[in-house]
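Join these two chains into a complex; the hints should help.
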Amino acid sequence: MNKVYPSAAAALEGVLFDGMTIASGGFGLCGIPELLIAAIRAAGTKGLTVASNNAGVDGFGLGVLLESRQVKKMISSYVGENAEFMRQYLSGELELEFNPQGTLAERMRAGGAGIPGFYTRTGVGTVIAEGKEHKDFDGQTYILERGIVADLSIVKAWKADPSGNLVFRKTARNFNPPAATCGRICVAEVEEIVPLGSLDPDHIHLPGIYVHRIVQGEHEKRIEQRTVRKREA
Amino acid sequence: MWDRNQMAARAAKELRDGMYVNLGIGIPTLVANYIPEGVNVTLQSENGMLGMGPFPYEGEEDPDLINAGKQTITQLPQTAYFDSAQSFAMIRGGKIAMAILGAMEVSEKGDLANWMIPGKLVKGMGGAMDLVAGVGRVVVVMDHTSKYGESKVLRDCTLPLTGKAVVDRIITNLGVLDVGHKGLHIVELADGVTEADLRAATEATIVD
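Same order as they appear, the protein sequences are chains A and B.
Here our numbering is used: the first residue of the first sequence is 1, the next is one more, and so on.
Here our numbering is used: the first residue of the second sequence is 1, the next is one more, and so on.
Same shape as in the complex, but just chain B (with noise of 0.2 Å):
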């Protein structure tokens, strides 16, 4: 089984050389700490900044500088600042490679729900709903169960959808899973995770 950082570390090896990508709060972030050595990416934060640096040090800290999960963070020699209209009209548009997000529940159709509990939780959902629709690819990185041992990983989603139809790749704390027409797809398995522990995790259809 993969622990967060082994699961941000595998999630940054979709990463390739050149690509504008934007990270999700949470585990997504602990991304950023595992670009492989030769991939050059340039994040975008949803607020208005691309090429987000790391965070500040102490004493450095910018009330002007944070990013979408509102941390105090840094620029880079590349970094470019711009409105939210802006930041959205490159999300909308197409212009972002690959969003890495959180999810509470995906389905086995690529549908995504990270945004709100009925009756419980109601946060909203950000730029979530326009970085699913507006990017290139969305990979969801979760835990594959909840903490009462239930499968996250789900035939139909049970909370309200953030979108539909809109995730590729799901990596979990078990293994690897890309969504197909007639279900998932097994692409890799946690260390020490065989494919039949994946299985019994998984609600969703598994195709092979």
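Chain A with its partners taken away, still in its complex shape (with noise of 0.2 Å):
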């Protein structure tokens, strides 16, 4: 069986169609699968749900995919960083349910962990716990909150081997191993295929069996906000 595909187009073939669910790892513009992303963009797949933690910035990143009018839905916890994700928000275009990011993060673990729901504090007594089931443990007040199953993950490491075992690189690891484990088929965009038997075991952060395509590509990796310190003299 081979899971490396020569193009993230050959990756996604087969696996997209319109009104689809998609979960996407990245935290803002770091560890995102771009090269997926500009890969659906290119298939216009339509009436997209996509559960990400961020939802790009215009022009790049999701934002992408929001731009071309795929996206119906979004489910983040935070897209501040988005004039077109606003205007489309505002104006009705778009769909938008507020996840907080502990909980985004724990829907998609819970989901790709065969869990369907789990009980949290976070959000008691706010409008994220609004027609949720609320249950008492140990004098506690916990809500309930649902385990995604996504139809497709896409996510971004750093470097692959031939099985699928993922190695992620600093804080670019974020969102990418949730969302790859609560897809039904996971596609991973990685810097480097390594030979098999050269990634040490014990160093694996997401083991193959989760990974079912890789493609090897060239990443731009946008920098946010670039902040920095003066070196003294």
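If you're looking for bench data, these hints aren't it; they were derived computationally from the structure.
Predicted model only: the values in this text are computed from it and were never measured.
Hints are supplied without guarantee of correctness; some may be wrong.
Calculated lysine-lysine pairs in the DSS-like style (CA-CA distance at most 27 Å, straight line) [to be verified]:
#1 A/Lys159 - A/Lys170
#2 A/Lys132 - B/Lys123
#3 B/Lys164 - B/Lys120
#4 A/Lys221 - B/Lys123
#5 A/Lys221 - A/Lys3
#6 A/Lys221 - A/Lys159
#7 B/Lys164 - B/Lys13
#8 B/Lys123 - B/Lys147
#9 B/Lys95 - B/Lys13
#10 A/Lys135 - B/Lys164
#11 B/Lys95 - A/Lys170
#12 A/Lys73 - B/Lys120
#13 B/Lys95 - A/Lys135
#14 B/Lys123 - A/Lys170
#15 A/Lys72 - A/Lys132
#16 B/Lys147 - B/Lys164
#17 A/Lys3 - A/Lys159
#18 B/Lys13 - B/Lys182
#19 B/Lys182 - B/Lys164
#20 B/Lys123 - A/Lys46
#21 B/Lys164 - A/Lys132
#22 A/Lys73 - A/Lys132
#23 A/Lys73 - B/Lys123
#24 A/Lys73 - A/Lys46
#25 A/Lys3 - A/Lys170
#26 A/Lys221 - A/Lys73
#27 A/Lys170 - A/Lys221
#28 A/Lys72 - A/Lys46
#29 B/Lys123 - A/Lys72
#30 A/Lys72 - B/Lys120
#31 B/Lys120 - B/Lys147
#32 B/Lys95 - B/Lys164
Derived CB-CB ranges, DEER-like [unchecked claim]:
#33 B/Asp178 - A/His134: 20 to 30 Å
#34 A/Glu232 - B/Asp3: 24 to 34 Å
#35 A/Ile209 - B/Lys13: 45 to 55 Å
Where chain B lies over chain A, by a calculated footprint (3+ residues, C-beta under 8 Å) [said to hold, decoys possible]:
#36 106-117
#37 121-135
Heads up, the beta-carbon is just placed ideally off N, CA and C, and yes, glycines get one too.
Listed below in structure tokens is the structure:
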């Protein structure tokens, strides 16, 4: 069985359909599957529900799927960096389901782990809790949140081996592992595919069982907020 | 009255040696510049890092290394990286001793509002709801009044809540207040601020 595909378009062949749900890794513009997002834009798949912590910025990341009106609904925790998002949301063209960041991460983790729901204190007493089951445990009130199972996961890793084992780099790991696990199909884009046996099995961040297709490519890796300090003289 | 840096310096006095702490965006980020000598704290960044270091030197920025405010940062010898589910497991699981966060409004019951203004500002709560529900102690750092002079320390919040009865201590440009069972308690007044000034700027009930 071969998991390695020659291009992002080839890696998405046969898995895209209108109205599908996609879980995406990334935090801000860090560790986003930029090549797969571009390939979905080119494929023109419409009516997408996308679970992703953020919605990219104008012209990059998931922002490119918003511009082309391919997204029907976003499930996110923070969308403050995207003017086009705000415009579409305030005009009613785009649905938005806000999830607290940890709840979103755990919904993906749970969905991938076969857990249909979990109770959390996060959001109790806020609009997030409205319409959700409340339950007390040991004198504390919790709300029920559902696991997410997506039709497709798109993630970005640093290195993969041909069996799909993934290694991430620094904070570019973020939502990628939980997003990868919650998809019925997971496609990963990586900076480097290394030979079998060259990754230390003790140092693999996500085992290849979760990863169905891999594509290697060049990443722009845009920086959202460049902050530096002065060198002391 | 305290300025932003003095508020951050006052908030830094809340830190204790050995704490794992999460600092929010804005004034709370400045707290890292005022950590007292001999106090060793580990900063958590909820996008998946413990042991957050300072901003990089120019030319050493790494797009794979950012904080929760999406700013480029650096790692330290004790740094560990992990995924977002793990990050919020340690937050929700009560492993983080303290969060220092900004606020739009806070109430005398410890309710916090800092994530949206209906019809105006829709950015999202990010990790704030998880943090206030999960960490050991929540310290809020904010201006006491709006730019129109209206109190932001209220009997009840008017904006959508981030958490209900979650705030322990409020640090503003006018002083320090603790949330008690029957209202707020004055802990400290900022330089040049009288108790009468503080009370006049506060809509919430001040017990003592």
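Outcome of the hint check:
About 12 Å separates the Cα atoms of A/Lys159 and A/Lys170, which keeps this hinted pair within 27 Å; it holds. Distance restraint check for A/Lys132 and B/Lys123: the Cα-Cα separation of roughly 22 Å lies within the 27 Å cut-off, and the hinted pair is therefore satisfied. Between the alpha carbons of B/Lys164 and B/Lys120 the distance comes to roughly 22 Å, so the proposed pair stays at or under 27 Å and holds. With a CA separation close to 23 Å, the supplied pair A/Lys221 and B/Lys123 stays within the 27 Å bound.
At roughly 24 Å between alpha-carbon atoms, A/Lys221 and A/Lys3 fall within 27 Å of each other, so this suggested pair holds. At most 27 Å may separate the alpha-carbon atoms for a hinted pair to count; A/Lys221 and A/Lys159 meet this at roughly 15 Å. Distance hint between B/Lys164 and B/Lys13 is fulfilled; the C-alpha atoms sit about 25 Å from each other, no more than 27 Å. Distance hint between B/Lys123 and B/Lys147 is fulfilled; the C-alpha atoms sit about 21 Å from each other, no more than 27 Å.
Simply put, B/Lys95 and B/Lys13 have alpha-carbon atoms about 20 Å apart, close enough for the 27 Å limit, and the pair holds. This hinted pair checks out: A/Lys135 and B/Lys164 have alpha carbons roughly 16 Å apart, not beyond 27 Å. Distance hint between B/Lys95 and A/Lys170 is fulfilled; the C-alpha atoms sit about 21 Å from each other, no more than 27 Å. Pair hint A/Lys73 plus B/Lys120 holds up; C-alpha atoms about 20 Å apart against a cutoff of 27 Å.
Of the supplied pair hints, the one linking B/Lys95 and A/Lys135 holds, its CA atoms being roughly 23 Å apart against a limit of 27 Å. A hinted pair counts as satisfied when its Cα atoms are at most 27 Å apart, and B/Lys123 with A/Lys170 qualifies at roughly 26 Å. This hinted pair checks out: A/Lys72 and A/Lys132 have alpha carbons roughly 23 Å apart, not beyond 27 Å. Between the alpha carbons of B/Lys147 and B/Lys164 the distance comes to roughly 25 Å, so the proposed pair stays at or under 27 Å and holds.
Distance restraint check for A/Lys3 and A/Lys159: the Cα-Cα separation of roughly 14 Å lies within the 27 Å cut-off, and the hinted pair is therefore satisfied. Taken as a hint, the B/Lys13 and B/Lys182 pair is honoured in the structure, with Cα atoms around 26 Å apart against an allowance of 27 Å. For the given pair, B/Lys182 sits about 15 Å from B/Lys164 by alpha-carbon distance, which is consistent with the 27 Å threshold. Note on B/Lys123 and A/Lys46: the hinted pairing holds, with a Cα-Cα distance of about 25 Å set against a maximum of 27 Å.
Straight-line distance between C-alpha atoms of B/Lys164 and A/Lys132 comes to about 16 Å, which keeps the hinted pair within the 27 Å bound. Distance restraint check for A/Lys73 and A/Lys132: the Cα-Cα separation of roughly 20 Å lies within the 27 Å cut-off, and the hinted pair is therefore satisfied. Taking the CA atoms of A/Lys73 and B/Lys123, the gap is about 16 Å. The hint holds against a cut of 27 Å. For the hint pairing A/Lys73 with A/Lys46, the CA-to-CA distance comes to about 11 Å; that is within 27 Å, so the pair holds.
For the proposed pair A/Lys3 and A/Lys170, the alpha carbon gap of about 25 Å is at most 27 Å, so the pair holds. Among the hinted pairs, A/Lys221 with A/Lys73 is consistent with the structure: their alpha-carbon atoms are about 25 Å apart, no more than 27 Å. Restraint check for A/Lys170 and A/Lys221: satisfied, since their Cα atoms lie roughly 13 Å apart, inside the 27 Å limit. For the proposed pair A/Lys72 and A/Lys46, the alpha carbon gap of about 8 Å is at most 27 Å, so the pair holds.
Proximity of B/Lys123 to A/Lys72 is assessed by CA-CA distance (about 18 Å); at most 27 Å being required, the pair is judged to hold. The straight-line distance between the Cα atoms of A/Lys72 and B/Lys120 is roughly 22 Å, inside the 27 Å bound, and the hint therefore holds. Our distance criterion of 27 Å between C-alpha atoms is met by B/Lys120 and B/Lys147, whose separation comes to about 17 Å. This hinted pair checks out: B/Lys95 and B/Lys164 have alpha carbons roughly 20 Å apart, not beyond 27 Å.
A beta carbon spacing of about 29 Å between B/Asp178 and A/His134 agrees with the range 20 to 30 Å that was offered as a hint. The beta-carbon spacing between A/Glu232 and B/Asp3, approximately 25 Å, falls within the hinted interval of 24 to 34 Å. Between A/Ile209 and B/Lys13, the C-beta spacing of about 49 Å keeps the proposed range 45 to 55 Å intact. For a cut-off of 8 Å, the count of residues in the stretch 106-117 of chain A with a CB near a CB of chain B stands at 3, and the three-residue condition holds.
Counting residues of the stretch 121-135 of chain A whose beta-carbon sits less than 8 Å from any beta-carbon of chain B gives 8, enough to reach three: the coverage restraint holds.
Of the hints listed earlier, there is not a single one the structure fails to meet.
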